[in-house]
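Combine the two chains into a complex, taking the hints into account.
Chains as they are written, first to last, in this note's numbering: chain A, 1 to 352; chain B, 1 to 205.
If you are wondering where the hints come from, they were derived from the structure by calculation, not from laboratory data.
Ideal Cβ placement from N, Cα and C applies to all residues, glycine included.
Distance windows between CB atoms, simulated:
#1 A:G347 - B:L57: 44 to 50 Å
#2 B:V60 - A:A235: 23 to 29 Å
#3 B:G69 - A:R345: 43 to 49 Å
#4 B:R189 - A:A235: 53 to 59 Å
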Amino acid sequence: MSRANAVAIALRPVRAVAAALSLTLAALPAPAQAQRAAPAAGDGALSELERATRRMVTTENARCLTCHVGDSAHAQQGGLLFGVPSNGDGTLRQSPGFLASNHGSMACTTCNVGAFRDYPHVAARGAMPAASLDCAECHATRTPRIEAEIARSVHARRYGDSLTCTTCHDPHVMVSGARATDPRALVAQDNAACLSCHGSAAAAPRFAGQVVPAVARPDIDAIHAWLPNPGRHWAAVRCIDCHTPMVAPTALLGVSHRIVGKDEARRDCATCHTVDSALRATLYRHLHSGEASARGLQNAAIARSSYVIGATRNTTLDAGAILAVLAVLLGVLGHGFLRWVMARRRGRHGHA
Amino acid sequence: MRERVFILHIWIRIWHWTNAVLILTLTVTGISLHFSAPGLMLVPFELAVQLHDRAGLALVATYAVFVVGNIVSGNWWQYMPKPEGFWLRIRNQARYHLWGIFRGEDPPYPPTATNNFTAMQQIVYWIVMYLVMPTVLITGIIYMWPDLAPQQVLGVDGLLPIAVLHFLAGLAIVLFMIAHIYLGTCGSRVSTHLRMMITGWHEHG
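So here's chain B without its partners, still in its complex pose (with noise of 0.2 Å):
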């Protein structure tokens, strides 16, 4: 019999499948508004700014949930990178998903009940939930209420740089979802940690 331990509270599961469905929604009608051109729309220009504007409104919510309640719950300790050994947990995990995994290893850091991340899953995880989430929300509410937005930067609409950082931090979001979502699949077995996300125990070996 497999070994089991429980690692993510129901709220963190549900905060994170919301998530995934208000970041795919973004995407798609995001990609839609961005590339519009009469006759290829992806979702229909007025469909797509209503889901859009619901959708982001819904994530800063999210957002909220999120930073309130990891402060309440500790869980935001999860996210800090441990300095001891940093290096050396980076070295490792890189060693893995460049060889290791081809030739059948497990995982050398599989989560546990004290440490949920790995070093890379820390620095990543942090830098997209406490700058890249940030910034593609504070520049979508600037959006929502252009009027907040500086009238003229460099000799153009001072909406357009807001546009400009939403598209960047957007991009880096859609990235690391590409990323994440395969890497999800990178357990023990390739369907370990999606399993996880849904019961919330991780089971080893």
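Okay, chain A solo, but in the shape it has when bound (with noise of 0.2 Å):
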């Protein structure tokens, strides 16, 4: 059994108290449109218990924040994240970056536990030790599918188990497709968490070097040569839109975790530039759900962030063209044939 396992089983009662505190919050039933438009904002819509619930969470996690300041980022623990011991002016310390993620209303001390609940975090002889849990722990829904999806993708054959979820999503931070308003930033969240190590030949040793020899990694840029304008790609559309297998959606899980090497990536550029695009059904899966084409334009969802050559077209303008062109065939056509009746029957006068 694993020491987060051991530490889990052994501290449920605790966690029992905190994950009922802080998951009443993230589990309050509101349209999926309002949670998106406005993540652990106003609190107008909350009941009294739930407000009080906010205040109590609010308030553990300032103890947390009182060191930890900044945006955590797992690659980066203990550079960014202790320095300001407080405010100053007595107003509880709060992270944007959490608040507005998905975990943004639960208790810092819902997932690190033992000896992560006081200062300092070392455990006296017999206590839990500072942990943090799995994240199966909660996700034990969605796991089963991931893990089977990663077991087949090239980070499982390189890196085994070393590679965990953590390794990829930052659960400080993480917003997920069903909460991002904006698809650009769902982008730049997402690639951001590749590129760091697959930004550079600097970046991957980082991770890499912990667990097997560091490899060289080629030039993003380089590689990705025959793709036009791919920086405009990069802002627009994910890594694993064309990295992963597509796969049928869930209602927990859009994109595939199997992540695919150079040879089995989507390389069939009409597979997005249609009107039937595949975007609809990766990036695009919650924001585009429900949305009519706008005045003929397909897709509007998607034109709203990017315009998409094949995708993001207007139907009705098409249709005029097609017409106007078959028109001034049909035109052109009618009038050669006439002169051509005409020019015979002009034949046939003249030699009788």
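Laid out in structure tokens, this is it:
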């Protein structure tokens, strides 16, 4: 049994209280649109119990944030997290990135358990050491599918079990596709996760060097030189939109966790560059759903942030264009046919 | 023996046929990209992008040759609609295409050394070459360097209105091209104009 599992079992009663408090907010039954529009924002719609819970979580988290300032990033832990001791004006310290994230309404100590509950984080003899729970503790329903997908990804082949959820997903700041309102922000977040290793030859050894001998990474621009305007693509779509196979989306998961290398990645441009664009089912799964085409403009949800040739086009205009071409074609063909008929008649009369 | 008159200098003929090849390439690849659908591509997407980009840049170059060549040679004057008797000439031309041509009449205004174009050609060519072509080329250049486009226009990506303009201007050129090719057969003989575009000589009668 792993250390985290042992801690998890031992701490179940303690955790139950914190979890009940913080998850009350996380599980609020609110319309998806409202959740997206105002994540962890105004609390006007909350009940008194919910408001009290939120205050408790904020107060609890402020204790941690006395030292852990700034938005955490696992890769940079220890660098950015410690610094200014307090606000100095008596206000509670908050982390904007954390508040806006999916976990923003949860108590730090829901996941960070044992000696993390007190300072310094050194466990007394016989007490639980500081540990962070596995993501699967809460995200149990989607874990089996994710684990099966990861087992077949290039990452698992290379790094095995040393690759965990938090290698790519920083739980403190992560915003899921269902919660994101700005596709470009979602793209930036998700691509940053990939590029933290794949961005340069210097970045990869930071993670890989701890697990397997560091490998030289090819220049990301050079290997995508075939792609027109690669910079525009990377600002508008995620690496995973091509480097994962298409899967049947479920309520919880739209994109596969089976990251594939260049040999299996999608390279047919028309997969996205068409009216029935794959982007509808992946990056724009949540933003696209329920959006009708606006005055003939197909994929209006995509067009708001990105023009995608072949996808964001106006089918009313297209129909008009096709009609115009047909009308001119028919016009000249008809004219030509009449000329031919008349010339034949003239010929016959001429001979007669 | 038929009367012959030399109308078209070699540079105009080379320009014209280069233009024709480029515009046909751009039309086929443009249609393929715009109406893109997996498995139903006229030209594979990646190849269509490369061809469209290269032919587009070449068209910018030939357009520059056209503008500069016209200024240097004085050929620009041919494109200017002349006000004197303009409506009468338009009316005669329309009457010929709607009536006279079916009765085997000769075109009312065959090209001469000083006046290559009919009034209808002048006005249509002027619009196509000096309004529509710059529109399609400028929007195409923005397309190729999309950072030149505005970020957002009316709540959508700023590239979308550029794309719509490019599409409409491209459509206008395609419509022009269809009519142009057909009207090319409407000389005193079906082949009269085509031969002129190759040899530079117009044969009357």
